[in-house]
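Visitor: My request is simple: use the sequences and hints to build the entire structure.
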Amino acid sequence: MATKHDGTKVTTKKAVWWDGGIHAREWISPATVIYIAYSLLSKYGQDPNITHLVDQFDYYILPVFNVDGYAYTWTTDRLWRKTRSKTSVPNCYGADPNRNWDYDWCGSSNNPCDDTFCGDKAFSEIETAQVAKFITDQRGTIVNYINFHSYSQLWMSPWSYTTMKTAQFKLHDDGSIQAVDALTAVHGIRYQHGSVAQLISPTSGSTIDWIYGIANVTFSYGIELRDTASVRSIFPRVLSLTNLTFCLPALTFLLPLALTALRISFRP
1 MATKHDGTKV TTKKAVWWDG GIHAREWISP ATVIYIAYSL LSKYGQDPNI
51 THLVDQFDYY ILPVFNVDGY AYTWTTDRLW RKTRSKTSVP NCYGADPNRN
101 WDYDWCGSSN NPCDDTFCGD KAFSEIETAQ VAKFITDQRG TIVNYINFHS
151 YSQLWMSPWS YTTMKTAQFK LHDDGSIQAV DALTAVHGIR YQHGSVAQLI
201 SPTSGSTIDW IYGIANVTFS YGIELRDTAS VRSIFPRVLS LTNLTFCLPA
251 LTFLLPLALT ALRISFRP
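The opening position of the sequence shown corresponds to residue 1 in the UniProt record's numbering, with each subsequent residue numbered one higher.
The hints are simulated quantities; they were obtained by calculation from the structure and are not laboratory data.
Since the model is a prediction, treat every value here as computed from it, not as a measurement.
Glycine residues also receive a C-beta, built at the ideal position from the N, C-alpha and C atoms.
One thing to keep in mind: the hints can contain errors.
[What the hints assert, rightly or not] Only pairs whose alpha carbons sit at most 30 angstroms apart, straight line, appear in this in silico DSS-like list of lysine-lysine: (1) Lys165 / Lys14; (2) Lys170 / Lys133; (3) Lys14 / Lys170; (4) Lys133 / Lys14; (5) Lys43 / Lys14; (6) Lys121 / Lys133; (7) Lys86 / Lys121; (8) Lys13 / Lys133; (9) Lys13 / Lys43; (10) Lys165 / Lys133; (11) Lys13 / Lys170; (12) Lys121 / Lys165; (13) Lys133 / Lys86.
[What the hints assert, rightly or not] Derived DEER-like restraints, expressed as beta-carbon distance ranges: (14) Ile61 / Ser88: 32 to 42 angstroms; (15) Lys86 / Val186: 37 to 47 angstroms; (16) Ala71 / Asp120: 18 to 28 angstroms.
Guide: Below, the structure written as structure tokens:
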């Protein structure tokens with residue numbers, strides 16, 4: 001911990017960013033992020049590994065990325081996906097905030113009425129613009145970024161926009177494998193791992209491509225939570241509960257790996 005000339009403390013710890021709810025209808029992702037935060041707080045001082053993880057990092061946790069869209073799913077349209085900004089077409093609202101980032105922007109739809117509308121320009125949406133600004137301000141500090149989605153049981157790394165592998169793909173995938181192995185050991189459920197483009201399809205203007213390609217966060221992931229056959233992000237209660245509890249074992253493996261890759265000591 002460093003000290004400024006005015007006596008205030010400046011942290012020298014590395015940080016992580018986890019967010020949920022970038023797609024409004026994916027209710028389980030905000031719930032999962034909140035449960036992870038609760039677990040870190042409630043297990044602190046009781047579980048040595050959790051205690052050390054909390055002490056080792058600063059945590060930036062955004063449960064609901066797409067606030068207006070999320071609220072709209074509660075009041076009007078349960079399956080709404082986008083933001084709620086005005087567009088050039090009357091009665092067509094919002095952009096897909098996971099297609100709105102300034103990295104190979106708008107290879108997806110430029111039709112404001114489509115669910116995957118990329119926006120009028122990169123960072124047209126206040127949600128993506130403000131998160132990008134915050135992360136840019138923290139450049140060099142954040143070592144792990146996770147963007148939670150549902151569903152499909154996938155642990156995904158960059159690239160999204162192309163099936164070409166990143167220069168650090170092996171490091172990305174090593175992190176994915178350790179996380180997936182930890183999940184399987186605890187829950188008996190196997191997630192697929194690989195790049196977004198390999199596992200789903202090429203997707204431009206995505207969150208994790210910008211986070212990795214511009215913000216230089218090596219361990220940048222998108223996670224599609226359980227299950228493989230849910231009805232458009234609406235989950236049975238039993239799956240909701242298992243999704244909430246699934247992720248912490250994976251993170252306890254992934255975060256030390258991030259520090260090791262950066263040659264930073266991690267000793268519980």
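Visitor: Take a look at whether the Cβ-Cβ distance between Ile61 and Ser88 falls inside 32 to 42 angstroms.
Guide: Holds, at about 34 angstroms.
Visitor: Measuring from beta carbon to beta carbon, are Ala71 and Asp120 in 18 to 28 angstroms?
Guide: Roughly 22 angstroms apart at Cβ, these two residues keep to the hinted range, so it holds.
Visitor: Does Lys165 sit within 30 angstroms of Lys121, going by the straight-line distance between their CA atoms?
Guide: Since the Cα atoms of Lys121 and Lys165 sit roughly 27 angstroms apart, the hinted pair holds (cutoff 30 angstroms).
Visitor: Decide if the proposed pair is consistent with the structure: Lys86 and Lys121, CA atoms, cutoff 30 angstroms inclusive.
Guide: 13 angstroms, holds
Visitor: Does the alpha-carbon distance linking Lys133 and Lys86 stay inside the 30 angstroms limit?
Guide: Measuring from Cα to Cα gives roughly 22 angstroms; hence the hint holds.
Visitor: Lys170 and Lys133 were given as a pair; does the straight-line alpha-carbon distance stay at or below 30 angstroms?
Guide: Roughly 29 angstroms separates the two Cα atoms, so the pair holds.
Visitor: Take the C-alpha atoms of Lys13 and Lys133, compute the straight-line distance between them, and say whether it is at most 30 angstroms.
Guide: 20 angstroms, holds
Visitor: Does Lys14 sit within 30 angstroms of Lys43, going by the straight-line distance between their CA atoms?
Guide: Status holds; Cα separation ~21 angstroms.
Visitor: Do the alpha carbons of Lys13 and Lys43 lie within 30 angstroms of each other, as the hint requires?
Guide: Holds, at roughly 20 angstroms.
Visitor: Below or equal to 30 angstroms on CA atoms is what counts here, so check Lys13 against Lys170.
Guide: 25 angstroms, holds
Visitor: Measure nothing beyond the straight line between the CA atoms of Lys165 and Lys14; if it is 30 angstroms or shorter, mark the hint as holding.
Guide: 26 angstroms, holds
Visitor: Please work out if Lys133 and Lys14 have their alpha carbons no farther apart than 30 angstroms.
Guide: Answer holds: Lys133 to Lys14 is near 18 angstroms, not above 30 angstroms.
In the structure shown, no violation is registered for any of the earlier numbered hints.
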